[in-house]
Every structure is written in C-alpha cells, then in structure tokens.
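In order, the protein sequences belong to chains A and B. Residue numbers for the first sequence, in the working numbering: 38 to 309. Residue numbers for the second sequence, in the working numbering: 829 to 1045.
What the hints contain is simulated information worked out from the structure, not anything from laboratory work. Even for Gly, the Cβ is constructed at its ideal location relative to N, Cα and C. It cannot be assumed that every hint is accurate.
[To be verified] Simulated DEER-style distance windows between Cβ atoms:
hint, chain 1, residue 1, chain 2, residue 2, range
1, B, P1014, A, E178, 35 to 41 Å
2, A, D264, B, H997, 18 to 24 Å
3, B, H997, A, G188, 16 to 22 Å
4, B, R1023, A, E189, 40 to 46 Å
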Amino acid sequence: MAIITICRGTRSGGELLATCLAEALGYPVLGREVIHKAAAELGLPVPDMTVALARSPGLLERGGAERNTYVSALQAALAEHAVDGHLIYHGLAGQLLLRDVPAVCRVRLIAPLEMRLGFLKHREGLNGHDGEAFIRTQDRERARWVKLLYGERIEDPALYDMVINLEVLDIEMACALVTTLVRQPEYAVTERVRERLRDFLLACRVKTVLLRAPETAGLPLEVRVEDGRVEVSGSAPALAGGETGNRIAALTRTVEGVSDVRLKFEWFDPYP
Amino acid sequence: MAIVTISRGSLSGGRALAECLATRLGYPCLGREPLREAAHRLGAPEETVRERLEVPPRRWLTDTSEQQRYLQALRAVLADHCARGNLVYHGVAGQFLLDGVPGVLRVRLIAPPQARARALIAAHHRTSRRAADAFIKRTDRDRRRWTRIMYDRDVEDPRFYDLTLNLEHLSLSAACAAIAEVAVLPRFDLTTDDRATLTAMASACRPASPDSPGEGR
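If we strip away everything but chain A, and leave its shape as in the complex, we get:
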C-alpha cells in the first residue's frame, strides 16, 4: 500500500500514468474530484474556488485567509482519501498539499511540447498556435499557484522523489518505474504512517474551521496534532476573560474526533 502524487504539466500524460498505476496496483485514482469535494464541504461553487485559489491576496486581505481556507479544505479532502493508505492523486500540487505527510511517493512527469500538443490534438482537437497557447497558459497558472502558496518553483526537482521525462521513456516504462519504487520499504504505509495521516487530517479540519470563523480567520495560527492531541499555537489579542482562547478552544472542539486541545499562545494587547 502506498500514496502516490503525480504532478505534471497540462497534457503531459499524468492521467494516463495514473490509470496505468491504478491497473497495476489496484489503488483508487483521484484528480479534480478533490476540488469538487472541498468546494462542497465549504458550500462553494467549484469555479469560484478555482478562481480564488489562483488569485493573489489583496492588500487589505490579511495573510490571504480566504485562500488559506480553501487550501486547508483541499488538504483535508485529499487526506480523507489518503488515510486508507492507498491512493493515486494526479490533481493540483499533491506533492505540496501532502508535504507534511510521510511515505508519500512524489512523482513529476514531464514531456516535450510536441508530445503534449499531440495529446491535446487527440483529446480536444486543439492544434497549432491555439494548442501551444493553451498549454503555456495552463503551465503558467499552475506554476504561479505553487509559487503563490508555497513559494516554490513547480519545476524544482527537489520537490519530488522522481522526475520522469517522457522524451525517451513511455507511459508503460514510467508506470513500471513508479510501481517498483512504491514497493520499497520507505513508501510502505505502516500503522505509524496511518496515525500520522489521521493526525494530519484532523489538523487540516481544525485549521479549516478556525480559518472560516470570522473571529479567528485573521489570526496567524498553527495547528499541530500528535497522537490525536491538538495543539493550536500562534499569537492572538489578549481580550478580557481570555475570550479569544476560549473561542479558539471551543471552535476546535466542534471538529469531530477532537478530544484534547492545548493552546500555546503569545498574547498581545490589541489596544496598546
């Protein structure tokens, strides 16, 4: 059992690789469904969420809270599937959405432009300049999204365990490579990894709730979960009666599965 994320440019064969891996390993495949699920969870239309994810935060929008909510919801939606211990994800930025999770096999697939144009023509009938423009726009958008959210270059090979170039290799060979890799002990989803996955899922859910609540949305909060114990840290205004702390703890406890909450805060005076 293993968790595989496939990052690729538009029409670089990512979906084909995911299908081939699913046949070889018998794991479920996820792509855009994760965005749909996260959008449904937040009660948002999918296009709105996609646009908001790609938008830079405005000057008055503190810390990009809205976008962070969406990212957190995306992570939670992905983690819900990952806790089963077997998953092939070929959607947006899996290598970064699951970067705090151990034993994830992070694959990037690259292909020459001509090959990608061929895929595009075959699938959507787009060719020539239209096809090239479409590919470049999509690549730019993805790269921008990753840069905005994580400050990373999507092409940086250090973000992946393996980068496969389809210039010489083909999808079957790529499939054989990934299959061999995930059978290695470092990608085994052990009971310890499952625990970490459950903790990660819980942390994402708590983070989403805190980011959605108006009174905590603008606060720089960190959520850590270890063996089911939730720790919320950061800095918050010290209001009379410890109102903020109580509110954060109460919001955290609304998440299913939370029993123990610990707050680790630096309190500041909002009216110095």
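With the hints as your guide, set chain B onto chain A.
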C-alpha cells in the same frame, strides 16, 4: 542491455548508485577511468584534463578550445566503451557527451545539501560544517557554470535526463532498483546499427597521435 549515465553533484551518492547498479545488472562501471584514458591518448597530464573538465574557465577567458579538445577525446573513449555494450558511467558530462546516442538512459541524482555536507564531514573528519557547506555550494556553482559555458544548458534541468531521482526520502537501493527495472527493457538494447554509429562516433572524435605535428604538449 543498456548504457546508463549518472549525473550528480559532489557527494550525492552517484558512485555508490553506479556501483549498486553495475553489480545488480552485471555491467562494467566507469567513473574517472575514461578521463584518465583520454588524457593518456592526448599525452596530457590527467590532473590538467580533470581540472579543465570540472572547473569553469575564468570569466575573462573566452577561449574554450582546450576544453573542447579534451571533451572530444573523452567522447571518443566513451564511445569505444559504449560500442562494446553495457555500461554504467558516473563520470564527467556523460549525459551531454552521449547526447543523441541510442540506448542511453540518462539519470540525474540529487540529494539535500545537508546530507551531502554530512557525507563530506564523514569522509574528511577535519572539515567543519561551515567549510563543508561552502564546498558543496562552490562545486555546484562551478558545475552549473561549466555546463552553461560548454553546452549552454542547465545541468540541473530535468529535461536533459530521462530520470531524476531525489535521495531526500528515497534510499539508494530503491533508486538502484528503479533504474535497473528500466535499463533491462528492450528499448535500451543496442542494435548492430547503434554499435556501428558508436564506432563511427569514436573514430570521428579520436584525437590524432600525440606525436603528430600540432598536437600533444
């Protein structure tokens, strides 16, 4: 049957990977040996050839004809070895020297700088952490610059390799298993025509005898 080239930064585990792969596949493993052979064929000191092929020329020196001559000689030696069939090569610029040669699997190995610095300290106990970090940074910068000058390419760009493996989470044995899986595929078999191409390439690159006028040192 395949030719595997492994490109990597200093202390990234390239030699260990090459040896693992060579043992697993039963192929010969070459690192500095072709460079030594090329130096011998040219009648040049090995150290000079090594330095010219590893350290980029000074900024004010634009003439790279000496480096080109060494590269040609190295290409000839490599082509000779490749024409015999199986090979794992982890020496200088394999991916560029054998560019366009059929049956070549171009692998790039990367490792986190911290792990590379630790490997350097383990090998040289007197090296401080600071000196190790500086060494890794300097050799990476030199290699990037050398490749940019000689081939106008970025040595770290995954587009110039078939496979880039990152040892941050991946073990060396896992990387070895994955490469071996692909290297044995018929796609990387050398045909008779491929061998003829390699032999012709070796002849075309072979330097004239060091005794010939205008050659040698």
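Here is what the structure says about each hint:
{"no.": "1", "hint": "B/P1014 to A/E178: 35 to 41 Å", "in the structure": "39 Å, holds"}
{"no.": "2", "hint": "A/D264 to B/H997: 18 to 24 Å", "in the structure": "23 Å, holds"}
{"no.": "3", "hint": "B/H997 to A/G188: 16 to 22 Å", "in the structure": "21 Å, holds"}
{"no.": "4", "hint": "B/R1023 to A/E189: 40 to 46 Å", "in the structure": "44 Å, holds"}
In this structure, none of the earlier numbered hints is contradicted; all agree with it.
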